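If you're matching them up, the sequences are chains S and B in order.
Counting along the first sequence from 1, when you hit position 34 you're at 34 in the working numbering, and nothing is skipped either side.
So the mapping is simple: the working numbering equals the position in the second sequence, first residue as 1, plus 1000.
Note that these hints are calculated values from the structure, not bench results.
Since the model is a prediction, treat every value here as computed from it, not as a measurement.
Ideal placement from N, C-alpha and C gives every residue a C-beta, glycine not left out.
Keep in mind that the hints are not guaranteed to be accurate.
[Said to hold, decoys possible] Distance condition first, Cα-Cα at most 27 Å in a straight line; then the derived BS3-like pairs of lysine-lysine: (1) LYS75/S with LYS135/S; (2) LYS1024/B with LYS185/S; (3) LYS135/S with LYS83/S; (4) LYS1251/B with LYS83/S.
[What the hints assert, rightly or not] If you anchor each label on the Cβ, the simulated ranges turn out as follows: (5) PHE1048/B with ASP31/S: 21 to 27 Å; (6) THR1002/B with ASN69/S: 40 to 46 Å; (7) LYS28/S with ASP1135/B: 21 to 27 Å.
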Amino acid sequence: MAGNLIKKFKNSQSLKRLKNQDRDAFTKAYDDNIDDIYRFVYFKIGSREEANDLTSTVFLKTWSHIQTNSLESSKTLRALLYKVARTTIIDYYRESGRKITASLDDEENKIDIADESSFDFNEKMDEASDIALIKGKLPLLKEEYREVIIMRFINDLTLEEIADISGKKKGTVRVLLHRALSALKELVKEDDRL
Amino acid sequence: MTDKDLIKKLNSLKSLKPDDSFKKSNRDILLSQISNSGARDLSSWQSFSINFTSFMKAISQPAYALGIFLFVILSGSLFSHQIFSGAKPNDSLYIARIVSEKARLNTVMNPSDRNKLAVRFALEHAQDISSVLADPNFNTEANQDQVARLNESFNREIDSARSMISYLSPEKKVSPVSEASSTEASEDVFQIAGSEKDEQGLQLFEANEPIATPLVETTSIELEEVEEEAATSSDLTGSILDEAKQFSENKDYQKASEKLREASELIK
């Protein structure tokens, strides 16, 4: 209970400080969330450089949103960042006229790996290739499947957070996750069969 | 591949991060952009105000509010005595002191300890009353009504302490073990105060009835020795209190205070 109280306090404090245009609060928000938001954007659109640009846009838009809107509907700063990231990506799709459907093996739409050195090369070869395979199959998933997989299994968001961000019920998110995992497993199996 | 394997491999994608150089340069760019739109450092007052409202928002949920309420009540009943113990009979907080003493007495389970504590409180009240009466700025011609009321309170406290002390001796606490049933033991119930209120505060006890105590088994020789010792101590304390009362009636409040201190030492 004490942990929840502290969490609620910190959430409320960070949103209020940002609302009051506190520079330090922005720096903290950026440092705490840049990795997650970048990963989310990257796995959605598939390009490192574009992910860099869009991630910057997400933080600027979030700052602007906080200054110009009431924060009644915002439970946490993290949820707000993800919501802004989703809408930013939708705008990007609209402007670029495409959605990412490429796989790692597609030469015309190659997915850059942002930082190969971050992977542990001591992993067994088959495990490394499995991971590469999964990375390659993610873009082939339906948009909402890919989104929940990224949020839950890559960025470790809770079901409640995903429900808040996506505007869905927790039960719906749970079902969506199950279907998304099944779909990804099917894609991976297809590749094994080939 | 099982679901568990798949999830484990998805988890490992967490290691993908933006370049550190990108993170740093991007942070600087964003900070300069938001600075142009009014970002600044908050003042201490603003920080305090934000922390306070955030805390209030965090505890606004019923479960937290209930938890904090219970904590405040419990700590208040346990520690309020320390907070209000300095309040004197002519202070506005004196009532709060009496109430906190009552709360503290209610937390003491052992009847003997409760009696001793009650006596201690009564003697402290009496000492405080005499120190107020000894103050020439208070004890003036214009204030004689209040002085008279305080004198009455003083006498009440002394009488209350005196009767409580007599119940601290074992002949009142202990019955010899006999075949008689335990229902023959005193079943007097002690009524905790509130019945006498005056301008200077509440008296803690109606000064006559002891707190019910259980039967205690002991040898008859030990019982005699303890009874004798306690009776002596009780008599001595009683006579000291009589002297204190006498000094107070003679308006020698300093000596009255000293006698009360002596009596307190004997009670410890």
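Checked hints:
The straight-line distance between the Cα atoms of LYS75/S and LYS135/S is roughly 31 Å, outside the 27 Å bound, and the hint therefore fails. A C-alpha spacing of about 37 Å is found between LYS1024/B and LYS185/S, which places the hinted pair above 27 Å, so the restraint is violated. Of the pairs offered as hints, the one joining LYS135/S and LYS83/S holds, with about 23 Å between alpha carbons and a cut-off of 27 Å not exceeded. With a C-alpha separation of about 80 Å, the suggested pairing of LYS1251/B with LYS83/S is violated against the 27 Å cut-off.
At about 24 Å, the beta-carbon gap between PHE1048/B and ASP31/S stays in the expected band of 21 to 27 Å. Between THR1002/B and ASN69/S the C-beta distance comes to about 44 Å, which sits within the given range of 40 to 46 Å. About 57 Å separates the C-beta atoms of LYS28/S and ASP1135/B, a value inconsistent with the hinted range of 21 to 27 Å.
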